[in-house]
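Heads up: the sequence shown is residues 162 to 224, going by this note's numbering.
Any given hint could be a false lead.
Between beta-carbon pairs, the in silico distance windows are [unchecked claim]:
hint, residue 1, residue 2, range
1, Ser-195, Val-168, 16 to 26 angstroms
2, Glu-220, Pro-193, 29 to 39 angstroms
3, Gln-183, Thr-212, 12 to 22 angstroms
4, Gln-190, Val-168, 18 to 28 angstroms
5, Gln-181, Asp-203, 17 to 27 angstroms
6, Arg-164, Leu-199, 18 to 28 angstroms
7, Gln-183, Trp-208, 19 to 29 angstroms
8, Arg-174, Gly-222, 35 to 45 angstroms
9, Gly-172, Glu-220, 15 to 25 angstroms
Calculated from the structure, these hints are not laboratory results. Don't be surprised by glycine CBs; every beta carbon is placed ideally from N, CA and C.
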Amino acid sequence: MFRSLAVWDCGSRGYWIREQPQEPILPGQVTPDSPLELVRSDAGEVWRKLTGLIPEKAELGSH
Numbered sequence: 162m163f164r165s166l167a168v169w170d171c172g173s174r175g176y177w178i179r180e181q182p183q184e185p186i187l188p189g190q191v192t193p194d195s196p197l198e199l200v201r202s203d204a205g206e207v208w209r210k211l212t213g214l215i216p217e218k219a220e221l222g223s224h
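Take the sequences, apply the hints, and build the full model.
Structural data, given as structure tokens:
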């Protein structure tokens, strides 16, 4: 499973999270005609999404 997040810090214009195209992006998958969707977010939303990328203990297996 891939876990990733694309975020731009645009200073006074806030944080922007890329929703389209979705990760993972494979070579050759994105073209000039591919949609690009960015959603303005605040720092709290960015941190919630980042912490959501951390796997649960059960996902790590038993080592």
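Here is how each hint holds up against the structure:
1. In this structure, Ser-195 and Val-168 meet the distance hint of 16 to 26 angstroms, their C-beta atoms being roughly 19 angstroms apart.
2. Take Glu-220 and Pro-193: their Cβ atoms lie about 37 angstroms apart, and the range 29 to 39 angstroms holds.
3. Distance hint for Gln-183 and Thr-212: a CB-CB separation of about 19 angstroms, consistent with the stated range 12 to 22 angstroms.
4. At roughly 20 angstroms, the beta-carbon separation of Gln-190 and Val-168 lies within the given 18 to 28 angstroms, and the hint holds.
5. Taken as a hint, the range 17 to 27 angstroms holds for the pair Gln-181 and Asp-203, whose Cβ atoms sit roughly 20 angstroms apart.
6. At about 20 angstroms, the beta-carbon gap between Arg-164 and Leu-199 stays in the expected band of 18 to 28 angstroms.
7. Against the hinted window of 19 to 29 angstroms, the Cβ-Cβ separation of Gln-183 and Trp-208 comes to about 20 angstroms, which satisfies the hint.
8. For Arg-174 and Gly-222, the hinted distance range of 35 to 45 angstroms is satisfied, since their beta carbons lie about 41 angstroms from each other.
9. The hinted range of 15 to 25 angstroms is not satisfied by Gly-172 and Glu-220, whose Cβ atoms lie roughly 35 angstroms apart.
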